[in-house]
Amino acid sequence: MPLPSDRAFAYPLDAAGFGAGLLDPARAKPQSVTGAHGKAAEKCYNVYRNNVTVSLIDALADIYPAVQELVGERFFRAMARDYVRAHPPSSPLLFRYGEGFADFIEGFAPARELAYLPDVARLERAWLTAYHAADREPIAPDELASIPQDRVGEIGFEMHPAFALVASRFSLFRLFMMNRGFMPLERIDASLAEPVMVTRPQADVAVTRLAPGEPVFLARLAAGDTLGQAAAEALAAETAFDLGHALASVLAAGAAVAIRAPAGTTAHPPATSPEDR
Amino acid sequence: MTDSPLARHVAPAAATASAIGKTRSAAPARAPAAIAAAAGVSFKHDHLAAILDDPGTVGFLEVHAENYMGDGGHPHRTLERVRRDFPLSLHGVCMSIGGPGPLNEDHLARFAALVERYQPGLVSEHLAWSTHDDVFFNDLLPLPYTPQTLDRVCEHIDRMQTAIGRPILLENPATYVLFDNATMSETDFLRAIVARTGCGLLLDVNNVFVSATNHGYSARQYLDDFPLDHVGEIHLAGHSEQTDDEGDPLLIDSHDRPVADPVWALYDAVIAATGPIPTLVEWDSDLPEWPVLRAQAEAANRILSAASQPHRQGHRHALAV
Chain A
1158 MPLPSDRAFA YPLDAAGFGA GLLDPARAKP QSVTGAHGKA AEKCYNVYRN
1208 NVTVSLIDAL ADIYPAVQEL VGERFFRAMA RDYVRAHPPS SPLLFRYGEG
1258 FADFIEGFAP ARELAYLPDV ARLERAWLTA YHAADREPIA PDELASIPQD
1308 RVGEIGFEMH PAFALVASRF SLFRLFMMNR GFMPLERIDA SLAEPVMVTR
1358 PQADVAVTRL APGEPVFLAR LAAGDTLGQA AAEALAAETA FDLGHALASV
1408 LAAGAAVAIR APAGTTAHPP ATSPEDR
Chain B
1240 MTDSPLARHV APAAATASAI GKTRSAAPAR APAAIAAAAG VSFKHDHLAA
1290 ILDDPGTVGF LEVHAENYMG DGGHPHRTLE RVRRDFPLSL HGVCMSIGGP
1340 GPLNEDHLAR FAALVERYQP GLVSEHLAWS THDDVFFNDL LPLPYTPQTL
1390 DRVCEHIDRM QTAIGRPILL ENPATYVLFD NATMSETDFL RAIVARTGCG
1440 LLLDVNNVFV SATNHGYSAR QYLDDFPLDH VGEIHLAGHS EQTDDEGDPL
1490 LIDSHDRPVA DPVWALYDAV IAATGPIPTL VEWDSDLPEW PVLRAQAEAA
1540 NRILSAASQP HRQGHRHALA V
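If you're matching them up, the sequences are chains A and B in order. Residue numbers for the first sequence follow the working numbering, so the first one is 1158 and each next one is one higher. Residue numbers for the second sequence follow the working numbering, so the first one is 1240 and each next one is one higher.
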């Protein structure tokens, strides 16, 4: 008895074959795809190829406008096309796309001269993540004042969901601000270390330039260290570290949403007890 | 330039805080959920201030669900704001209902949360696929119409309708290729889906014109075969034109320009046959100034008003013109 062909069992839509051709221009269109009345369908199938590739390049251009500004549109789109074909998105939420783009740029030979480019991409990715992050109310400056002076070193912070730290040995803050249109363009020395933090105290994303030692301090706080531990680490890394400035920055930028009080104290004025109501 | 209607759903560029206002009451009053048989438009953040300032006769706004699947920030503040003034239509573009694999459960949960939060008057998705084997292609890809794909599509629609707790409207696609293994017409396929899942249909008249031109059949004939009684919403949009392998017109569903005259004529014929139906003018890239888009919606509203005049009602259910 003859065995039925594979095709008899196959699902009528060869999604794997249809999809593979969309990301690989060298690949032929799937056999089952035709034009009307048996016409050739290369150009018709190419509409999908074009839609997929171009719309994903456009998505990257929307996420990384400063990178595009720095390298020019033609260069950016060629680089993005390579990325899109090698690393298509897995999530239908395109505002999450491009997680690996900074690392990809780092390995992209034609961009090697622009050593700061991957850091700019990291910051732009962090910016969009912050833009969509959950709404939380940052801690009010006077909340810190409720902690007894001698216990301040024992507190910790719960960071805002939008908070991100982007370390850099390049002039990242100004590269970003100038190429996103937030600061006038001027010739700068790109080799001055300007690490930043990204926050979103209300709806608008803020990018704050960090002083020496602050990246270590914030990284330790975000990892759950107490203020005392984080400050000691920061000082060990940078003798110029200024705790007062660092704390003022955290509060002004809305980087934290809650104080983790040391045992036996409370970060808030005592809550009204039921009997008082 | 992209020709994909899905092109832009990453981030609205403009900060919109000033248009939204700084204060929000705890439980803002909202426009009713139900959408009347009037014209609406695709909502773009760039138009926010202008829409609030002068909505004209625009009766509802439609948004791509995926743009509001982030956790917080401007997108939700903006949507809450427009929801106060307008009923909303929630239009999904990435559910991949036409794909062979199971629907993405995370995506279903996000979609259900949006339906719960914003109480849209209409909820719709596409007869198309966009994800396979963990790759999201960001386009509305076609499928062959066969009894086997029909089973799969119906399973997916059942799953989606269960997840969101209400029926959806399914949109007919604009397509650029055909499949040599297809055994059913698109209209028979849609009719069977409606019968099996209880979903309604979103009739995209531009898609009808685009597909009919690309595949060499009559758009009027297609509409005669279409289950018009189940249409809960109509889409209108602009298309661009290329040429195919043999030099014939190849239309692209580009959503980047005004609705074309032949599409208005088809729409007029549909509305004369069905009576007024909520109608959306889509415009997703190369956005015009607000008055241009508003004028497109007002043109649709004139056709809808004419159809609600008593002397026109005798023509219903006779599409041929």
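Derived from the structure by calculation, the hints contain no laboratory data. There's no promise every hint is true.
What the hints assert, rightly or not - Simulated restraints, written as ranges between beta carbons of each label pair:
(1) L1526(B) with F1339(A): 20 to 28 Å
(2) D1285(B) with P1298(A): 31 to 39 Å
(3) A1177(A) with A1351(B): 58 to 66 Å
(4) G1257(A) with D1463(B): 26 to 34 Å
As the list claims (entries may be wrong) - Where chain B lies over chain A, by a calculated footprint (3+ residues, C-beta under 8 Å):
(5) 1171-1183
(6) 1363-1374
(7) 1405-1412
All C-beta atoms in this analysis are idealised placements derived from N, C-alpha and C, irrespective of residue type, glycine included.
Here's how the hints hold up against the structure:
no., hint, in the structure
1, L1526(B) with F1339(A): 20 to 28 Å, "23 Å, holds"
2, D1285(B) with P1298(A): 31 to 39 Å, "35 Å, holds"
3, A1177(A) with A1351(B): 58 to 66 Å, "32 Å, violated"
4, G1257(A) with D1463(B): 26 to 34 Å, "50 Å, violated"
5, 1171-1183, "holds (count 6)"
6, 1363-1374, "violated (count 0)"
7, 1405-1412, "violated (count 0)"
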